[in-house]
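Novice: With the sequences and hints as input, model every part of the structure.
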Amino acid sequence: MKVISIESEAYKSLLQKIDRIHSFVKQEKENTILQQSDPSEVWLSDQDAATILRVSRRTMQRLRSNGEIIYSIRGGRVWYLLAEVKRLLPGLVVNKNKKGGKP
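Take the position in the sequence shown, starting the count at 1, then add 1280; the result is the number in the working numbering.
Just so you know, not all the hints are guaranteed correct.
Simulated crosslink set (BS3-like; lysine-lysine; CA at most 27 Å straight-line) [as the list claims (entries may be wrong)]: (1) 1282 with 1309; (2) 1366 with 1309; (3) 1282 with 1292; (4) 1309 with 1297; (5) 1297 with 1282; (6) 1292 with 1306.
The hints are simulated quantities; they were obtained by calculation from the structure and are not laboratory data.
Specialist: In structure tokens:
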């Protein structure tokens, strides 16, 4: 095993460069996410869509089977456009104050 020793100032300079690279990569990732914020271009996994809609994955399957949501299957996984999930949000509101049984 080789041991490399460097001066303290050189080490500090190297750490600063690494921090700048990290900041740049982080900023680029955030910019990419912002550029893809168009709901017609953002794809969600089955679990993410179910979480947003606050339904089970079985309900997601029922929505697919009934043709109520557009989806894509890639790599053996089901994907939904964010725009499709947002389209369903108003229709899945449940009135929690409504009680079952006869009035």
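Novice: State for each hint whether it applies.
Specialist: Comparing the hints with the structure gives:
1. 1282 with 1309: Not OK: residue 1282 and residue 1309 at ~36 Å, beyond 27 Å, violated.
2. 1366 with 1309: Between residue 1366 and residue 1309 the Cα gap is close to 24 Å, so the pair holds against 27 Å.
3. 1282 with 1292: holds (21 Å)
4. 1309 with 1297: holds (18 Å)
5. 1297 with 1282: holds (24 Å)
6. 1292 with 1306: Given pair residue 1292, residue 1306 holds - Cα atoms ~21 Å apart, limit 27 Å.
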